[in-house]
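Chemist: All chains, full assembly: derive it from the sequences and hints.
Chains as they are written, first to last, in my numbering: chain A, 1 to 124; chain B, 1 to 426; chain C, 1 to 349.
These are computed hints drawn from the structure, not numbers from a lab. Ideal Cβ placement from N, Cα and C applies to all residues, glycine included. Check before you lean on any hint, since a few could be wrong.
Here are some of the chain A residues that sit facing chain B, going by a computed Cβ distance under 10 Å [unchecked claim]: (1) L43; (2) H46; (3) P47; (4) I79; (5) D109; (6) L115; (7) L118; (8) L122.
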Amino acid sequence: MIITNNPLVRSTYENAHVILFVEGNYREVLVKARDLVHGRHQLITHPLMGSLKPNETPYRSVVVSDAVLDKTDADSVLIIEEAILVFDRFIKTARTDRGEGSTEKMKEDFREIDLSLLSSALSE
Amino acid sequence: MKLELGYIPIRDIQFGPKSKVDNNTLYVNKKELSALLLEDEGIASVELDLARPGESVRITPVKDVIEPRVKVSGTGGIFPGWCAKVRTVGTGRTHVLKGAAVITTGKVVGFQEGIIDMSGEGAKYTPFSKLNSLVLIIQPKEGMLQHAYEKALRLAGLKTAEYLGKLAEHLEPEEVRTFETLSVTDGIKMYPELPRVGYVLMLQSQGLLHDTYVYGVDAKQTLPTLIGPTELMDGAIVSGNCVSACDKNTTYHHLNNPVVEDLFSEHGKTLNFVGLMITNENVYLADKERSSDRTAELCAYLGLDGVIISQEGFGNPDTDLIMNCKKIEAKGIKTVIITDEYAGQDGASQSLADADAAADAVVTGGNANMVIHLPAMDRVIGSIDQVDHIAGGWSGSLKEDGTITAELQVITGATNELGYNTLSAR
Amino acid sequence: MNQIKVVHYLNQFFAQIGGEEKANIPPEIKEGPIGPGMAFQAALGDNAKMVATIYCGDSYFNENTEASIEAILMMIREQKPDLVICGPAFNAGRYGVACGTVASAVKEKLGIPAVTGMYTENPGVDLFKSSVYIVPTKDSAIGMRDAVAAMVPLALKLARGEALGPASEEGYMPMGIRKNFFEGKRGSRRAVDMLLKKLAGEPFETEFPMPDFDRVPPNAAVTDMRKAKVALVTSGGIVPKGNPDRIESSSASKYGKYDLEGVSDLTDVNYETAHGGYDPTYANDDADRVLPVDMLREFEKDGKIGSLSRYFYSTVGNGTAVASAKKFAQEISKDLVADGITAVILTST
Chain A
1 MIITNNPLVR STYENAHVIL FVEGNYREVL VKARDLVHGR HQLITHPLMG
51 SLKPNETPYR SVVVSDAVLD KTDADSVLII EEAILVFDRF IKTARTDRGE
101 GSTEKMKEDF REIDLSLLSS ALSE
Chain B
1 MKLELGYIPI RDIQFGPKSK VDNNTLYVNK KELSALLLED EGIASVELDL
51 ARPGESVRIT PVKDVIEPRV KVSGTGGIFP GWCAKVRTVG TGRTHVLKGA
101 AVITTGKVVG FQEGIIDMSG EGAKYTPFSK LNSLVLIIQP KEGMLQHAYE
151 KALRLAGLKT AEYLGKLAEH LEPEEVRTFE TLSVTDGIKM YPELPRVGYV
201 LMLQSQGLLH DTYVYGVDAK QTLPTLIGPT ELMDGAIVSG NCVSACDKNT
251 TYHHLNNPVV EDLFSEHGKT LNFVGLMITN ENVYLADKER SSDRTAELCA
301 YLGLDGVIIS QEGFGNPDTD LIMNCKKIEA KGIKTVIITD EYAGQDGASQ
351 SLADADAAAD AVVTGGNANM VIHLPAMDRV IGSIDQVDHI AGGWSGSLKE
401 DGTITAELQV ITGATNELGY NTLSAR
Chain C
1 MNQIKVVHYL NQFFAQIGGE EKANIPPEIK EGPIGPGMAF QAALGDNAKM
51 VATIYCGDSY FNENTEASIE AILMMIREQK PDLVICGPAF NAGRYGVACG
101 TVASAVKEKL GIPAVTGMYT ENPGVDLFKS SVYIVPTKDS AIGMRDAVAA
151 MVPLALKLAR GEALGPASEE GYMPMGIRKN FFEGKRGSRR AVDMLLKKLA
201 GEPFETEFPM PDFDRVPPNA AVTDMRKAKV ALVTSGGIVP KGNPDRIESS
251 SASKYGKYDL EGVSDLTDVN YETAHGGYDP TYANDDADRV LPVDMLREFE
301 KDGKIGSLSR YFYSTVGNGT AVASAKKFAQ EISKDLVADG ITAVILTST
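Modeler: Structure, rendered in structure tokens:
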């Protein structure tokens, strides 16, 4: 299952994967992933993939398992919770022309990169 | 594997009617090189420029930095998998134009590409301010997609480095250094008493603008493996990574890997530099488990006593770094890890995205969030309006008078995680 | 150049006024150095003059922090010093917090540099190490001479406005604020050297100390609460009225064990809170709010839990040293195990 706020990811993968589209920002994607992880889904990709910092790119895609496990995966919990902590640290230095405030051309680039990073995981 | 590196020092760079090296000056025939690069149909235009140490010049947006080298003898050619066929390199003799570099610039995307200042405050933070560089400004054909543009730029840079490197083929080097890696059994026989040390080199491998290539193969797809340290010196590892200027490893860094150099300098004296392992930093979490398990097994298999682990990038790779560290330490092998930090502009935030008590020996390349003030430069090569869109910069970063206030992140190579620089933090 | 003027902050004990019985005195000022101040003056030599000593009772300071700081700052302002030295407080919790608070206020409100000294486990450390220069000391006044020797050079640098190097060089506790600087050697060289030391079993200094995790793996879940013998343990400071064991309102040095035989509800007649870190009104009114005895008795009656333990354990978590908390827990656990307790509800505030 792909949790994403990136419309390019949705359009690319909607036929092949379950898409949970988040009409919201990067953090809301992380929070949704966290909720699912606490609900016994396993984290499949790293929530902080890519070197674009959380206060730079507005797009985020995270893959979790379609099925739930018998019990909550502790490693998944740690990784997603820490990712949210990292996000909150970075967003303190928000930039007006980055993230949500990027130009449309930059947003297009960010969507592409997010898609590419995700594809590298999904091609497994 | 034994490799001789012959250094031809370059102290100046000029354009000239004939490409050659004369009296430690590198001359470049603009027309000839441009024509060579334009053979790639994806490239619409090529501009060449020069930058020398101490000049009031700013280069941006930097994609890669490459050192011109040429194989004089031994199997294969420089940049196997790209400029040369994929025969294994790292033996024989290779000549190096030491003090010269090729810098590629090009938009590709609107962010995350670096600045190199050849003088002033910014010059202190990048090793590339000390080099005589040929800068390529490359425009792609209209409508070219990001990944194709990145590839075209990458190839242009490698081709140029190869073209220039060839000029050194028949020259007499001023200095020759020899690097030899013995077989495991020979090493044990020769240095039975010395601690067995290995190096785990983590390669960026996450996707577009986040890739590294080994003999032309995308590092995402490799399993952790052994590679000869001298193979790096012939360009077996090439960078396709241009995100996070401060801590991405340029091809220049791979060619001049400082951990390899410093381990070699102690080899046979205080330690036995047994070998080098490469591993990746994939996005898929199961890959991380697989890679770190295998890396730890390799280290144990080699009977190592100690390992240096270096990384590349931020966030996701911090998880790999800590996984590698923990698992190798769990095998009873001592580790030192090299990383950089994002501790916030005030230096007060938690620096790493992941951490563990096992990582008790850490070398840091510095806090990438530190705010710096760069003076205006007389000339800008590339395009300056990218600065506001560069990571670490912000709206208003670029002032009308040409000065820049931004985070250290913007400077290419500033917090390098191979330990290339003297910058640190406490 | 004018001689550096220093003001010293002490508690009632080091100011030679008295012990715990004098912990309630408000801030006062006297001319010149007192007690350890003399040692500081001797070490400072002609470089500086300790013009005044301000002292305050530890209990008074902690229970009237705002008023104390106001008074102390006013006294310091009048003296116009170039530097303020606080303590050292060694392992005394309330004193450490006071020193940290004074040093921090002096820096922020008066723009005067300050330095203090504490034992690493002093609760004042965690609270102030990122904003105040704290020199590590031994855990008692035996370490006074060493503390003075370590604090004085740093104090003079601060007073003179000289730039400071990293914590390890200047002798103060790392503030957790990362500062970039250029080393002599490149990182790879530093890594090789560090590895060689580590391999040889020699001491080395990491460039980035990992955060202190102190992770405790959780026990398995209680399988059947209906059979569980449950005990209540709190750091919320609930004690029998009158606080018979005199558990401190902060930086507690002890815990209490109290009998709940025949008690099914805590009221303001027999119980109160000793905790000085939150508004006690509601806890004093009905201590069940912090220690839910009434609910557990109900559960006991309804068979939801097996039984409520006869004894509850209580201390005050406010500014209490981690090391103390660990010690209390170790002792309490022994009791709990001996009593056959199978589950514990820990309440804090």
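Chemist: Now, for every hint given, state plainly whether the structure supports it.
Modeler: To see whether the hints hold, each was checked on the structure:
no.	hint	in the structure
1	L43	holds, 6 Å
2	H46	holds, 4 Å
3	P47	holds, 8 Å
4	I79	holds, 7 Å
5	D109	holds, 4 Å
6	L115	holds, 8 Å
7	L118	holds, 7 Å
8	L122	holds, 8 Å
When each numbered hint is compared with the structure, no violation occurs for any of them.
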